[in-house]
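Engineer: In case you want the letters, here they are:
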Amino acid sequence: MKLTTVRLVTIIAEPVLKDRLIHEIHALGAHGYTISEVHGEGTRGIHASQWQGGNIKIETLVSPEVADHILEAMADHYFPNYAVIAYVTDVQVMRGEKFA
Amino acid sequence: MKLTTVRLVTIIAEPVLKDRLIHEIHALGAHGYTISEVHGEGTRGIHASQWQGGNIKIETLVSPEVADHILEAMADHYFPNYAVIAYVTDVQVMRGEKFA
Amino acid sequence: MKLTTVRLVTIIAEPVLKDRLIHEIHALGAHGYTISEVHGEGTRGIHASQWQGGNIKIETLVSPEVADHILEAMADHYFPNYAVIAYVTDVQVMRGEKFA
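Each protein sequence line maps, in turn, to chains A, B and C.
Every letter in the first sequence is one number past the one before it in my numbering, and letter 64, counting from 1, is 64.
Every letter in the second sequence is one number past the one before it in my numbering, and letter 25, counting from 1, is 1025.
Every letter in the third sequence is one number past the one before it in my numbering, and letter 33, counting from 1, is 2033.
Just chain A, same shape as in the assembly (with noise of 0.2 Å):
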């Protein structure tokens, strides 16, 4: 079985900047997302009442390169005014060209 080694982007963020995050991952290359809910607590810096509540956490496959500019996007655009945790880790897919 062949499998293609893609990059899982997972952004957590408050729900105002839905629209916004999704327009922004699509614009840098990301060709599908999921979305879910989830309730959470920052970390050290951000203040409980930004954070605390629902919040959305957007997942999205995409080629390692597509990865490194949303997450610099999320630094530049987002850190430091929001309180948005995004991560990356490697997965395996089939059919790995739809992510390309």
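No lab work stands behind these hints, which were simulated from the structure alone.
Watch out, some of these pointers could steer you wrong.
Claimed, not checked - The calculated lysine-lysine pairs, modelled on DSS-like cross-linking and capped at a C-alpha distance of 30 Å, are:
no.	chain 1	residue 1	chain 2	residue 2
1	A	Lys98	A	Lys57
2	B	Lys1002	A	Lys98
3	C	Lys2098	B	Lys1002
4	B	Lys1018	C	Lys2098
5	A	Lys18	C	Lys2057
6	C	Lys2018	C	Lys2057
7	A	Lys2	B	Lys1057
8	B	Lys1018	A	Lys98
9	B	Lys1002	A	Lys18
10	A	Lys18	B	Lys1098
11	B	Lys1057	B	Lys1098
12	B	Lys1057	B	Lys1018
As the list claims (entries may be wrong) - Okay, the calculated bits of chain A under chain B, using three or more residues with CB under 8 Å as the criterion:
no.	region
13	30–39
14	73–87
Even for Gly, the Cβ is constructed at its ideal location relative to N, Cα and C.
The hints should help you fit chains B and C onto chain A, whose structure is shown.
Structural biologist: What follows is chains B and C alone, placed relative to chain A:
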């Protein structure tokens, strides 16, 4: 602390496939799973009408062999006709014998 | 882009354990977490009556040391008496010092 590496298989699919997918992963050797609800928008080649809206995410911890069988079943039985995404990653557990 | 590897710890448990688990992971060094609802069916050895139905999934990004401590606590304090699943995987983040 002794950790064992097992594989986390994630399947994202239309809710109508739920019972069939659970039956299939059990038959292939999975001993347990979790299901959650996600919303998503598809990759290239998937009609938005098929994929947009509520979907299910099934996650199961299995041996590498069972993970391979599940991915093969997804590719053979679902990819041609359904908007199914499947990916696998290594995770570490204690008491890995439960997932063998 | 400078990425740091941290560990994503995932715990799946009965909702009744929520406050106790959050208290425990905080005490062991986690600075934040997310919780979502999942449904599941257990592995061998777990009574369906205990496990089936709604469960919580707790996820937290932590250092390797804290991840080890959390897994040990799960094995020592919960595995004997509760249907708890815990696993860990490496993920990459920007500004990893937040999770140290």
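Engineer: Failing hints, ascending?
Structural biologist: 2, 4, 9, 10, 14
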